[in-house]
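Top line first, the protein sequences correspond to chains W and S. At position 11 of the first sequence (counting the first as 1) the number is 13 in this note's numbering, and the numbers step up by one without a gap. At position 83 of the second sequence (counting the first as 1) the number is 1166 in this note's numbering, and the numbers step up by one without a gap.
These aren't lab readings, by the way, just hints derived from the structure by calculation. As the structure is a computational prediction, the values presented were derived from the model and not from experiment. Keep in mind that the hints are not guaranteed to be accurate.
[As the list claims (entries may be wrong)] The list that follows gives simulated cross-link-like pairs (lysine-lysine, DSBU-like), each with its CA atoms no further than 30 Å apart: (1) Lys1243/S with Lys1269/S; (2) Lys9/W with Lys1269/S; (3) Lys1264/S with Lys9/W; (4) Lys1226/S with Lys9/W; (5) Lys1226/S with Lys1269/S; (6) Lys1264/S with Lys1243/S; (7) Lys1256/S with Lys9/W; (8) Lys1152/S with Lys1226/S.
Next come the chains, spelled out residue by residue.
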Amino acid sequence: MPCQHYKDALIEAAASGAQPQGYLHAHLNVCLDCRAAFEQEQSLFSSIDAGLHLTANHEVPPSLLPRVRARLDEAAATRRGWMPQWFALASAALMVVAFLAARAVWRTNVVQKPIETARKTSVPPPENHSPVVVRPVEKNPVSQRQFAIDKNPLAPETLISGKTMPEVLVPRDQEILLAEYAAQWRLHAHAPLLAQDSDATILPPLQVAPIQIAELDVKLLADQKSQ
Amino acid sequence: MQELVLVQPGRTVGDELGQRAAQADTRREFEERLAECGPLAYRVARGVLRNTADAEDVAQEALLRAYRKFDRLRDRNRFRAWLVRIAFRLALDRLRSGKRRELRDTLWSQPEHQPPAATAEDLAASTEFQAHLESALAELPGKLRLVLLLAAMEGHTIDKIAAMLGISAGTVKSRIFYARKQLAEKLRCHANIIKTR
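Please model the entire structure based on the sequences and the hints provided.
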């Protein structure tokens, strides 16, 4: 059995891989047990190193790199395909919201209009002989909004600047052609848009003249007959 | 059925082509590193997981992540170190999540009979000793384990490991020393040596 006193020093020396020096070297020369223990300890570290070498340099499966390349291709394809899907979903959601909003506005108009129309066109009481005055119908708010968009000079600029760049679905073989056409179109980016400058598209505000109703001239039938 | 693509007509052809060319460049640059660093990622993962299939999965995942974030890597010379860290972290995550596997390995690593003393060559060749070694390796702290694995890999000098991990050569040596010593303490009972009086 090796000496307890030298145990730690033996292990340290074996772990460092260096040959024992000084008093340890002298002791190993005289103590056969400690020398044997030291050799066994060196053997243990050698086997650990050999085992680590095996573990750390494990043969790489030949399928690794081809599989990685395949996954890289998949990732690239998914990335390309993901954007249209995302935009399609977003567009669909936007359309649904717009449809619901338009429906809600339309319903409100339908419910309110007959009441207003009934109020405005109601015949005054017979005892009040004041002439009936029909006010002009209010402008449709939707139309007003449309005019506002048409008159907004920044709208076409925003389109051209690319912040709200539209997207379209085209066959793959026409992608480049469309892009070239768009490039040509961009050359005329500062040219006035037809919709903006054409006076024909800007409708004048609706003006309805009050209806002129002559006062009723009521005569008795007997008088007419006598005349 | 004809394939449709979503395009922004407002973009110029140059934008599209330039983007594609940039992607192709990135891919080419990554491919150049893939052949060299792919095995490294696998070996790091294998050293942690001790399972070929899991290590391959983790290496693939690490390489895929590295590719996705390749553009963000400013210093491309740091790619190896970066990949090693990704693979090591993913392997540790996989190891932690595999509770069943851990339990199975723990049971397997407690043999009823201790092996007799043998020579270094016999011990290294022994599958059982290798299993004990890998179990002991798994119990090491992450920092020590990574350094020890890298040091055991062919072609990795102390200076290379230090540069890769961004630590000093002295720290690398120190970690290797303590890691080997801890392994020896765990494995000594399997080698039946150093029984002091």
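Verification of the hints:
1. Lys1243/S with Lys1269/S: holds, 28 Å
2. Lys9/W with Lys1269/S: Roughly 16 Å between the alpha carbons, so the hint for Lys9/W and Lys1269/S holds.
3. Lys1264/S with Lys9/W: holds, 13 Å
4. Lys1226/S with Lys9/W: holds, 27 Å
5. Lys1226/S with Lys1269/S: Holds, at roughly 18 Å.
6. Lys1264/S with Lys1243/S: holds, 22 Å
7. Lys1256/S with Lys9/W: At roughly 22 Å apart (the allowed maximum being 30 Å), Lys9/W and Lys1256/S satisfy the hint.
8. Lys1152/S with Lys1226/S: Holds: Lys1152/S and Lys1226/S sit about 24 Å apart, inside 30 Å.
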